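Novice: Protein sequences, first through last, are from chains A and B. Numbering follows this note's numbering, with no gaps: position 150 of the first sequence is 150. Count along the second sequence from 1, add 192, and you get the number used in this note's numbering.
No lab work stands behind these hints: they were computed from the structure. The model shown is predicted, which means the values in this text are computed figures rather than measured ones. Be careful, since some hints might not be right.
Claimed, not checked - In silico DSS-like links for lysine-lysine, alpha-carbon gap of 27 Å or less:
{"no.": "1", "chain 1": "A", "residue 1": "99", "chain 2": "B", "residue 2": "289"}
{"no.": "2", "chain 1": "B", "residue 1": "289", "chain 2": "B", "residue 2": "411"}
{"no.": "3", "chain 1": "A", "residue 1": "49", "chain 2": "B", "residue 2": "400"}
{"no.": "4", "chain 1": "A", "residue 1": "189", "chain 2": "A", "residue 2": "49"}
{"no.": "5", "chain 1": "A", "residue 1": "49", "chain 2": "B", "residue 2": "289"}
{"no.": "6", "chain 1": "B", "residue 1": "400", "chain 2": "A", "residue 2": "99"}
{"no.": "7", "chain 1": "A", "residue 1": "99", "chain 2": "B", "residue 2": "417"}
{"no.": "8", "chain 1": "B", "residue 1": "425", "chain 2": "B", "residue 2": "411"}
{"no.": "9", "chain 1": "B", "residue 1": "789", "chain 2": "A", "residue 2": "99"}
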Amino acid sequence: MKKNLITAIAMTIATTVLLGIIYPLIVTGLAQVLFPHKANGQLIEANGKLIGSRIIGQAFTGPGYFHSRLSSAGNGYDPTASNGSQLGPTNHQLIDRVKADVATLQAENPGVPVPIDLVTSSGSGLDPDITPAAAEFQIPRVAKQRGLSEDRVRELVRQHTEQRQFGFLGEPRVNVLELNLALNEISQKAAR
Amino acid sequence: MSANGWLQILLFLVIVFLITKPLGIYMARVFSREKTFLDPVLRPVERMLYRATGVDENHEMRWTEYCIAMLLFSAVAMIVLYLIQRLQAFLPFNPQKFAGVTPTHLAFNTAASFTTNTNWQVYSGESTMSYFTQMAGLAYHNFVSAATGIALAIAFIRGIARRQMQTIGNFWVDLVRSCLWVLVPFSIVGALILVSQGVVQNLRPYDKATLVEQMQVQKVGQDGKPVMGPDGKPVMDTVTEQTIAQGPVASQEVIKEFGTNGGGFFNANSAHPFENPTPLTNLIELICIFAIGAGLTYTLGRMTGSQRHGWAVWAAMAILFMCGCVVAYWAEARGNPLLASADQRLTALQPGGNMEGKEVRFGIANSALFATVTTDASCGAINGQHDSYTPLGGMIPLANIMMSEVIFGGVGSGMYGMLVDVILAVFIAGLMVGRTPEYLGKKIEAYDVKMAMLFVLVFPLVILTFTAIFVVSNFGTAGISNPGPHGFSQILYAFVSGAGNNGSAFGGLTANTLWYDTAMGFDMLLGRFFMMIPMLAIAGNLAQKKYVPPSLGTFPVTTPLFTVLLIGVILIVGALTFFPALSLGPILEHLLMVAGKTF
Numbered sequence: 001m002k003k004n005l006i007t008a009i010a011m012t013i014a015t016t017v018l019l020g021i022i023y024p025l026i027v028t029g030l031a032q033v034l035f036p037h038k039a040n041g042q043l044i045e046a047n048g049k050l051i052g053s054r055i056i057g058q059a060f061t062g063p064g065y066f067h068s069r070l071s072s073a074g075n076g077y078d079p080t081a082s083n084g085s086q087l088g089p090t091n092h093q094l095i096d097r098v099k100a101d102v103a104t105l106q107a108e109n110p111g112v113p114v115p116i117d118l119v120t121s122s123g124s125g126l127d128p129d130i131t132p133a134a135a136e137f138q139i140p141r142v143a144k145q146r147g148l149s150e151d152r153v154r155e156l157v158r159q160h161t162e163q164r165q166f167g168f169l170g171e172p173r174v175n176v177l178e179l180n181l182a183l184n185e186i187s188q189k190a191a192r
Numbered sequence: 193m194s195a196n197g198w199l200q201i202l203l204f205l206v207i208v209f210l211i212t213k214p215l216g217i218y219m220a221r222v223f224s225r226e227k228t229f230l231d232p233v234l235r236p237v238e239r240m241l242y243r244a245t246g247v248d249e250n251h252e253m254r255w256t257e258y259c260i261a262m263l264l265f266s267a268v269a270m271i272v273l274y275l276i277q278r279l280q281a282f283l284p285f286n287p288q289k290f291a292g293v294t295p296t297h298l299a300f301n302t303a304a305s306f307t308t309n310t311n312w313q314v315y316s317g318e319s320t321m322s323y324f325t326q327m328a329g330l331a332y333h334n335f336v337s338a339a340t341g342i343a344l345a346i347a348f349i350r351g352i353a354r355r356q357m358q359t360i361g362n363f364w365v366d367l368v369r370s371c372l373w374v375l376v377p378f379s380i381v382g383a384l385i386l387v388s389q390g391v392v393q394n395l396r397p398y399d400k401a402t403l404v405e406q407m408q409v410q411k412v413g414q415d416g417k418p419v420m421g422p423d424g425k426p427v428m429d430t431v432t433e434q435t436i437a438q439g440p441v442a443s444q445e446v447i448k449e450f451g452t453n454g455g456g457f458f459n460a461n462s463a464h465p466f467e468n469p470t471p472l473t474n475l476i477e478l479i480c481i482f483a484i485g486a487g488l489t490y491t492l493g494r495m496t497g498s499q500r501h502g503w504a505v506w507a508a509m510a511i512l513f514m515c516g517c518v519v520a521y522w523a524e525a526r527g528n529p530l531l532a533s534a535d536q537r538l539t540a541l542q543p544g545g546n547m548e549g550k551e552v553r554f555g556i557a558n559s560a561l562f563a564t565v566t567t568d569a570s571c572g573a574i575n576g577q578h579d580s581y582t583p584l585g586g587m588i589p590l591a592n593i594m595m596s597e598v599i600f601g602g603v604g605s606g607m608y609g610m611l612v613d614v615i616l617a618v619f620i621a622g623l624m625v626g627r628t629p630e631y632l633g634k635k636i637e638a639y640d641v642k643m644a645m646l647f648v649l650v651f652p653l654v655i656l657t658f659t660a661i662f663v664v665s666n667f668g669t670a671g672i673s674n675p676g677p678h679g680f681s682q683i684l685y686a687f688v689s690g691a692g693n694n695g696s697a698f699g700g701l702t703a704n705t706l707w708y709d710t711a712m713g714f715d716m717l718l719g720r721f722f723m724m725i726p727m728l729a730i731a732g733n734l735a736q737k738k739y740v741p742p743s744l745g746t747f748p749v750t751t752p753l754f755t756v757l758l759i760g761v762i763l764i765v766g767a768l769t770f771f772p773a774l775s776l777g778p779i780l781e782h783l784l785m786v787a788g789k790t791f
């Protein structure tokens with residue numbers, strides 16, 4: 001018993017150094033050498049200023065932007081408070097919220113069914129993507145606001161649609177931040 | 193449900209099938225102390241560890257000493273984790289300058305949670321834990337709690353395989369070999385693959401990004417309520433920055449799944465784009481969750497000399513996995529009838545279904561699959577919020593844990609849980625034909641069955657007692673966030689998840705209170721250690737028995753009939769115990785949802 005207790009203490013210390021400190025530091029070192037961009041969060045800079053991560057969503061609500069999904073991370077898309085809404089399937093808060101959002105969106109684009117991902121909040125609250133259906137739904141509004149033809153915007157969406165990985169893994173998706181940055185670029189060029 | 197969704201699910205199962213044999217052979221070699229290709233690197237480290245900790249690697253332990261060594265190690269490591277959390281302000285790798293974890297009941301709860309391989313989390317990693325606590329405290333326990341589970345499973349298998357021996361191995365040797373040979377090498381490789389896909393791995397302070405579009409949010413006062421202006425409208429604040437939480441995530445991510453721990457680096461766990469950025473990382477994480485559990489079935493066959501028995505157990509697991517997966521996928525793909533105003537149909541442009549709490553890159557198929565896998569095993573990582581699943585989609589994770597997570601199962605714990613079910617199956621078969629049951633040449637006698645029943649009964653006893661207390665107490669019901677039957681499910685899920693050492697949750701439950709933290713802490717400790725003790729007692733008792741050659745009356749444990757019987761036992765033990773509770777929660781909620789009722 002006493003011998004095993006001493007071993008337990010010594011083993012905890014020794015394995016903590018090995019598995020808790022040396023192991024993660026080795027992985028960090030290798031990751032920083034092999035994949036520095038990915039290991040640091042795929043950060044995007046513009047004019048020397050950090051404007052976000054490619055894979056962390058941002059809230060877009062203005063009419064000239066493609067809107068992201070609803071977020072329950074802090075005040076919205078707060079990576080220091082990632083979370084889902086945690087609303088259950090029969091919670092009236094969820095049902096009422098979806099009904100209200102569907103009504104608003106329906107007014108914007110009458111007759112076209114509202115894609116479910118556009119009125120539901122994501123699991124992380126940081127979802128960088130929307131479905132191609134949700135992007136298609138927003139094309140008329142964005143095109144009108146930006147003074148671009150719908151076909152021009154649709155082409156842009158197509159360019160930013162990521163198909164299933166290797167053709168079969170996951171779901172097709174559109175990265176909202178990248179799509180909106182591309183939109184801004186077009187508008188800036190037109191302004192010049 | 194789409195053909196592509198099924199293709200992904202079947203591909204996953206095929207990969208699990210393909211890795212079962214090589215991984216099983218490898219683990220059998222590691223624990224029989226035969227040569228492996230990693231010996232030149234690892235043997236010196238192993239010897240050094242034994243010298244530093246005073247372990248005699250040739251010493252063999254009886255089950256009682258094995259059990260005591262395991263308990264002492266768990267206790268010491270748990271105390272250290274508690275201290276690391278409390279003292280993290282004074283420790284290195286704390287760029288966000290987080291204070292020590294408070295209150296004390298949270299630190300206790302988290303220490304119990306990670307020591308028991310549960311990883312129930314009532315804190316939010318990105319705003320609570322320093323990088324040091326994550327690495328040396330939490331991820332460390334991901335290794336050793338998993339290694340402890342594997343060690344015990346191997347000890348149990350030795351108990352079956354050995355004849356007329358008093359000992360079942362050396363805990364320290366099994367622990368060290370699990371870590372060095374099984375967990376660490378695969379984790380280093382796996383972590384780097386995850387990083388290559390976008391899982392972050394750094395020690396930098398959180399980055400501040402300037403938002404592309406500024407955000408208007410309601411100003412919140414110190415009382416937590418929105419501040420109202422003189423015109424009675426809420427005052428708005430402008431947010432221009434996004435703070436991007438970073439950290440050594442990949443090194444923790446891989447062992448979180450490979451060791452079926454499940455504790456996320458971030459609050460959103462594997463739904464977070466930095467933990468699980470692409471469909472490929474999702475697949476890798478899923479495979480990691482089942483890998484060791486599947487491999488151990490082959491190790492079982494190899495070490496007991498009955499490979500077909502190993503496969504018969506594998507088949508039972510695979511069938512139960514598919515059953516859960518079909519129901520969860522069907523329920524989620526069908527969507528929520530109460531949200532019918534939105535378009536939940538499957539089209540070429542969207543997966544449709546119930547997307548509340550799910551990520552677009554995973555859609556329905558991969559979210560339903562993940563929820564099934566993470567609860568078949570005792571992992572508890574999530575890539576979507578179980579609380580927001582449809583009632584039946586959310587019942588599958590709950591029911592999986594109620595079956596004691598023996599479907600591939602937690603690393604080690606799934607195997608010994610399954611072997612206890614096997615003993616019960618053999619016992620029941622013996623009763624049917626009126627002969628003393630035998631299992632791989634060992635007579636199963638009263639002592640073994642008593643211990644097996646103790647193992648089986650501790651679990652519902654702990655869960656149902658705690659749940660009953662909390663659903664009739666103010667301190668219990670205060671935590672409910674979703675009213676109606678779903679609120680009952682939230683409390684039930686918590687205690688099932690705790691005692692099952694799973695760690696996933698119906699996350700809306702407000703569980704960081706003195707009552708919940710304390711009760712959940714004991715729920716997890718009882719569910720882990722009070723089940724390990726009777727299990728080791730069986731192992732010790734089996735080891736010292738004589739070998740009885742199979743006769744005509746022996747019930748063969750290698751046939752499809754055995755697989756069916758085993759599935760029957762698992763379902764009866766799980767379902768009969770918990771069906772009343774399930775009918776008050778998810779089943780009732782499903783019926784009410786279909787009838788159009790909200791709460």
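Novice: Any hints this thing doesn't respect? Which numbers, in order?
Specialist: 1, 6
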